[in-house]
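Just so you know, the protein sequences line up as chains A and B, in that order.
In this text, residue positions in the first sequence follow my numbering: the first is 1, and each later residue adds one.
In this text, residue positions in the second sequence follow my numbering: the first is 1, and each later residue adds one.
No lab work stands behind these hints, which were simulated from the structure alone.
Note that this is a predicted model, so its numbers are computed, not measured.
Certain hints may be false.
Said to hold, decoys possible - The following label-pair restraints were derived from C-beta to C-beta distances:
hint	chain 1	residue 1	chain 2	residue 2	range
1	B	Trp294	A	Phe55	45 to 55 Å
2	B	Trp294	A	Thr52	29 to 39 Å
3	B	Leu253	A	Thr52	46 to 56 Å
4	B	Pro200	A	His4	42 to 52 Å
5	A	Lys21	B	Leu269	24 to 34 Å
6	B	Ala227	A	Ala57	29 to 39 Å
Even glycine gets a Cβ: it sits at the ideal position worked out from N, Cα and C.
Each chain is listed here by its residues.
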Amino acid sequence: MAQHLDTLKEIASSFSAAYVKTPTKLKILDAFSVCALATAVLQFVYAKLVGTFPFNAFLAGFFCCVGTFVLTLSLRMKVAEHGGKPTAAKEFGGYALAMLTLFIAAVNYIG
Amino acid sequence: METRGALLIFCWAIALASPFQTRAEGQQSDILLKDVTVSLLEASGAAAAQEKVSGPANLRLVLDHTRTLKVTLSAALASAPDQEFRPQQVFVRLTAKATGGAAYFAAVKAKDGSLYTAAKSAEVQKQVGTQSGAYELALVVGDARTLQPLLWALGEVQVLHPPLDDGSQPAAAPYRAMDVLFRPLPEIVHMHRAPERRAPALVSLLFALVALAPLGAFVVLALRAGANLKGFPTDGAGFLSAAGFHAGLAAILALYVLFWLRLNLMQTLPILAVLAGVTATFGRSTLNHLAAAWQKQE
Chain A
1 MAQHLDTLKE
11 IASSFSAAYV
21 KTPTKLKILD
31 AFSVCALATA
41 VLQFVYAKLV
51 GTFPFNAFLA
61 GFFCCVGTFV
71 LTLSLRMKVA
81 EHGGKPTAAK
91 EFGGYALAML
101 TLFIAAVNYI
111 G
Chain B
1 METRGALLIF
11 CWAIALASPF
21 QTRAEGQQSD
31 ILLKDVTVSL
41 LEASGAAAAQ
51 EKVSGPANLR
61 LVLDHTRTLK
71 VTLSAALASA
81 PDQEFRPQQV
91 FVRLTAKATG
101 GAAYFAAVKA
111 KDGSLYTAAK
121 SAEVQKQVGT
131 QSGAYELALV
141 VGDARTLQPL
151 LWALGEVQVL
161 HPPLDDGSQP
171 AAAPYRAMDV
181 LFRPLPEIVH
191 MHRAPERRAP
201 ALVSLLFALV
211 ALAPLGAFVV
221 LALRAGANLK
231 GFPTDGAGFL
241 SAAGFHAGLA
251 AILALYVLFW
261 LRLNLMQTLP
271 ILAVLAGVTA
281 TFGRSTLNHL
291 AAAWQKQE
């Protein structure tokens, strides 16, 4: 058991050591996608605890967060291809368009 | 033949008859009726009763199964009294007071050029079933050459069907079993999902704050990761286009808030089209400026 814990600790520390070298832009994108996912989880918890009465509103909120998470991950992959160069900025246009489309669909569905 | 004619126009007349009542009240009709005679004929053809009417009247008649209710009339147009005028729609209507079901009898042309209708209790039975008792008698005349049709309420007719063995009238029932099928079905009222009991506003607001917390966490995380605004262009034109792009995005998000709170999709989309166009233009010029800056660096 102790051996397993040690292995896990080792994995975690080597991960964080490697992650520190990640470019800042990617770190920010990671933070954003994690927060979007956390928001989705919180809404799910709320629906479980309190009820899903305006079900459309719950679906809109939940899938908006999941969609944001997915789109942000795609942007992260695109930005990673540029290897931290400033040319990654041109990927933001498509991301903005996709997010705005997602948002108008979500707001339309909230009612 | 007469019956078939009545049945053919039956549905049409039903659709037309109800507006008649309201429209005829408002304005004077252009149709003039002359020599309107309501008579009850015995089976032999002799008149048991005969009344001449010159307008809405209050007759009291009894139409039993041996007699025929005959209404004769001739018509003219007030605007062209000399012309021969045969109205397109001439009906005698018997409306059962108990159920509102109506029997229609279309007029046909007599040898002398006048119009007449003949109604028997058997015909009434075919149209409204074995409902006996009080019926309202009305004369309905319409034509395409006049805007206002004519409706004369003529009084009340007691319709008596062939009596049963004990002398009583048959119970009210549809003429054929099939007629039940063609009655209007009950109106369908759309059922909305009943709202469930909602959580107290305090709980919802609290959870709204909790759901917003990851956004705050993101700001903290981003700052710790070393986020800054140093990459924002500082030279005049570059700054202008970058600022325009971000302002455009903010405006679209603000529009979405308005869409949520008060606008509908048809109001939102044109504004969105304009804002999206402006934002895309600014975004493109921002990228142009950035590309120039990258080339300079290399």
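Report task. Return the numbers of the hints above that this structure violates; sort them in rising order. Result -> Result: hints 2, 3, 5 break, sorted rising.
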